[in-house]
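Trainee: Residue numbers (this note's numbering), protein chains in the order written: chain S, 1 to 123; chain W, 1001 to 1148; chain H, 2001 to 2367; chain D, 3001 to 3201.
Watch out, some of these pointers could steer you wrong.
[As the list claims (entries may be wrong)] BS3-like, lysine-lysine: derived pairs with alpha carbons at most 25 Å apart:
| no. | chain 1 | residue 1 | chain 2 | residue 2 |
| --- | --- | --- | --- | --- |
| 1 | W | Lys1045 | W | Lys1137 |
| 2 | D | Lys3190 | S | Lys38 |
| 3 | D | Lys3023 | S | Lys118 |
| 4 | W | Lys1085 | W | Lys1143 |
| 5 | D | Lys3190 | S | Lys56 |
| 6 | H | Lys2085 | S | Lys56 |
| 7 | W | Lys1128 | D | Lys3023 |
| 8 | W | Lys1085 | H | Lys2347 |
| 9 | H | Lys2233 | W | Lys1045 |
| 10 | W | Lys1028 | H | Lys2085 |
| 11 | W | Lys1137 | D | Lys3023 |
| 12 | W | Lys1137 | D | Lys3190 |
[Said to hold, decoys possible] Which bits of chain D does chain H cover? Going by a derived footprint, with three or more residues having C-beta under 8 Å, they are:
| no. | stretch |
| --- | --- |
| 13 | 3031–3037 |
| 14 | 3142–3152 |
| 15 | 3172–3178 |
| 16 | 3183–3195 |
Simulated from the structure, these hints should not be mistaken for laboratory data.
Just so it is clear, the structure is predicted and the values come from calculations on it, not from any experiment.
Ideal placement from N, C-alpha and C gives every residue a C-beta, glycine not left out.
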Amino acid sequence: MLEEYGYIGLFLIVAILFAAATLLLPVILSFIRIVPYKPNPIKSSTYECGLETIGKTWVQFNFRYYFYALLFVVLDILVVFLYPWAVGLRQLGGLGFVTILIFIAIIIVGYVYAWREKVLEWK
Amino acid sequence: MTVTLSGREVASKLEKQFPGSIIESSEKNLVVRSESLLEIASFLKTTPGLDFDYLTCITAVDYLDYFEVVYHLTSLTHNHSLFVKARCYERDNPTLPSVVSLWRGADFQEREIYDLMGIKFGGHPNLKRIFLWEGFKGYPLRKDYLQW
Amino acid sequence: MVIKTEPFVINVGPQHPSTHGVFRMRMTLDGEVVVDMEPVFGYLHRGIEKLAEERTYTQNIPFTDRLDYLSSMANNLAYVMAVEKLAGISVPERAEYLRVIMAELQRIASHLIAVGAFLNDCGAFMTPILYMIREREKILDLFEMVCGQRLTYNYMRVGGLSHDISEEFLSALGKFVKEMPGFIDEYDQLLAENEILLARSKGVGILPKELAINISASGPVLRGSRVKWDIRKADPYSVYDHFDFEIPTGSIGDCYDRYRVRIEEMRQSVRIIKQAMEQLPGGEVRSQVLQRFHSPVGEAYGHIEAPKGELGFYLVSDGSIAPYRFHIRAPSLINLTALRDMIIGWKLADAIIIFGSIDICMGEVDR
Amino acid sequence: MEVKKQALPYVSSFTEIDRAEGKAIEELKVRSQEPIPDPDRWLDEELHRHVLLARLDDIINWARRMSLFPVTFAPACCAFEMIATAASRFDISRFGMEIFRGSPRQADLMITAGTLTWKLAPWVRRIYDQMAEPKWVIAMGACAISGGTFTSSYSVVPGYNRIIPVDVYVPGCPPRPEALLYGIRMLHSKIAKRSVLQEGS
């Protein structure tokens, strides 16, 4: 029974290793001068269609952008749970299907409420 | 067929309305005093017989001893067109009244003439260089523009 | 409870995927809504009007190719007709008909890019424009058969054309004219009832009729606002009075109307080409004109209905071999006058579509 | 969305920004009178290369040249020959240049398709600086090489190499798509000659 958890541990290690590798690879390659590393002030300034930005950028902009982000997070979490469920659907059988329907229904309630509140329309 | 009205015929109408404002009027062109350009333009635009509601093109030509600005007016309803010219004689600070209040189409064209020829248009809301950058010295389309 | 938000200024600048060249808009945005916009031109100002004063009338023809580089044939036609009006040169009948065929082919090619880029801005990324570039390649093959170049043709001369067309050009043109309406219908069915396009462009960026006339707009922008004004009908130049074709106009002047006007104009152009091919007379294509002729003193204004609008050339001659003044009435620059009025109040995504529906070409705007 | 009332003609409030940009253009114009030399060694130079490192160089160079992403930089007429090259008939994605990146951050090749004017020059230099290393430039068209038909104009930069270092020059006005593809193949062979490990990229 315990070795199922071993697989999860293995999966965790591989995930961490992969993330570390992708992050450290450019750093290592730039040590042995394969990846060029030539920082200059213009390169690190913001790109805006080739021009300097006008006015201050730390501006109190509209709150509505957060609504889009919130709704995206909600639906993204839904999708994250769907993946393992879809992989193991055959073992779960009918019961698994019903539980997912309930889970989706809860999320859809929140989505319909946001929809009727006209959160997504930009006034 | 867009009929180009003869300068003399329109000049006679204008002479009654604005005495002494026509400098020269022949078959081909109609030269108007630059001070009364705005009243003549609004007269041409509003009178029922002419009603030039469409400004096709504005061009500035540098004849060395004077600048000549040619207004090509068209009437979409009567399908006839007319060339009206205005001259300004001083070379260092030529100015003309702007017709943006009558035809908004003149906005960019007058800015272009100011940018390339140096003729200032009084009453233009945003008279700035349109093509060249702000620090550009001189007006390139003038005949006496020295590039180097 | 309204939270105070500050508008910020964004450069939709010279290097931007949807500004059709190096056009720059300084947009003041409040969140998504455009509060203010100032167009900045001049990033492609090559000073053609100054350079043209040092070259003879024939040497200026290559400059006109590079004005509106999407419709070089139409630019050639406008300039050459203005010089013929200035110098009083007659053009043989066959040359007139071939000029009409080339100008109408060029109108189809330019409208294909205009509609493709407009749909590209609407969000149909790269699919329609790749299909339309495939059709445009057929037109470019026809032009290459005639004058050897794909984009800057330098095909027309003062007094006619540089050389006559070959035999297989007519058969290739016949095949093209047979196929093209099918492709235009294919695009039309695919896009006319597409509810995304309708939702994105119907009622967006309305240019009222009086404002369109007041800013002296021309071409599909003017006709989109229900103004029936087309130089080919109002002031028929060359042999346009021998053909019958309609002038499509929109209803309220929104982006969808301008799109529909361009699609209809492509169909009318195919009709014109068909009629011009049937009535094509024989004879030579160029009247005897000196290479460096002295035009009489005077001035002339020749204008045609270019794909983007009324393209006019105002030439002043002082009797020498070079024009004293060479002015171009650029339809794209003047159509942009009302861009600010049409954009304010809309969201940024709609502003890009409104700008795309005006269809400008920076070579002509900045000259 | 109701149609807004007709707005008043615009009174610009950015005049000092324009003046600052104008000054930047004037300074750049004074500074860039001489063409910038080509950064890489040219094609025919024979290089002494260490056997082991040479194989690693080949792999790195192969990886770089087979997936150059061009930045969409299209001022003028050559733009439409570049688009025709990117379209379905003269397919540019056969060479790994799958898509034209909008921002210079994700691009490593700049195809300068069009005339460069002094008003655009400082911003071209800025876009080039903001591109990630290693980066290359193809000067496409006569205007890009030497100012072309407009070289005597008061507002045209006689050639991109006054502003940014150029690797491959593709002549033509506009050059045919096949000419541009040949230029790209020349750039590929030029990249293949680089020895990344010995002198750094």
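Trainee: Run every hint past the structure and note whether it holds.
Mentor: Hints versus structure:
no., hint, verdict
1, Lys1045/W / Lys1137/W, "violated, 37 Å"
2, Lys3190/D / Lys38/S, "holds, 21 Å"
3, Lys3023/D / Lys118/S, "violated, 48 Å"
4, Lys1085/W / Lys1143/W, "holds, 19 Å"
5, Lys3190/D / Lys56/S, "violated, 43 Å"
6, Lys2085/H / Lys56/S, "violated, 55 Å"
7, Lys1128/W / Lys3023/D, "holds, 16 Å"
8, Lys1085/W / Lys2347/H, "violated, 42 Å"
9, Lys2233/H / Lys1045/W, "holds, 23 Å"
10, Lys1028/W / Lys2085/H, "holds, 14 Å"
11, Lys1137/W / Lys3023/D, "holds, 12 Å"
12, Lys1137/W / Lys3190/D, "violated, 42 Å"
13, 3031–3037, "violated (count 0)"
14, 3142–3152, "holds (count 3)"
15, 3172–3178, "holds (count 3)"
16, 3183–3195, "violated (count 0)"
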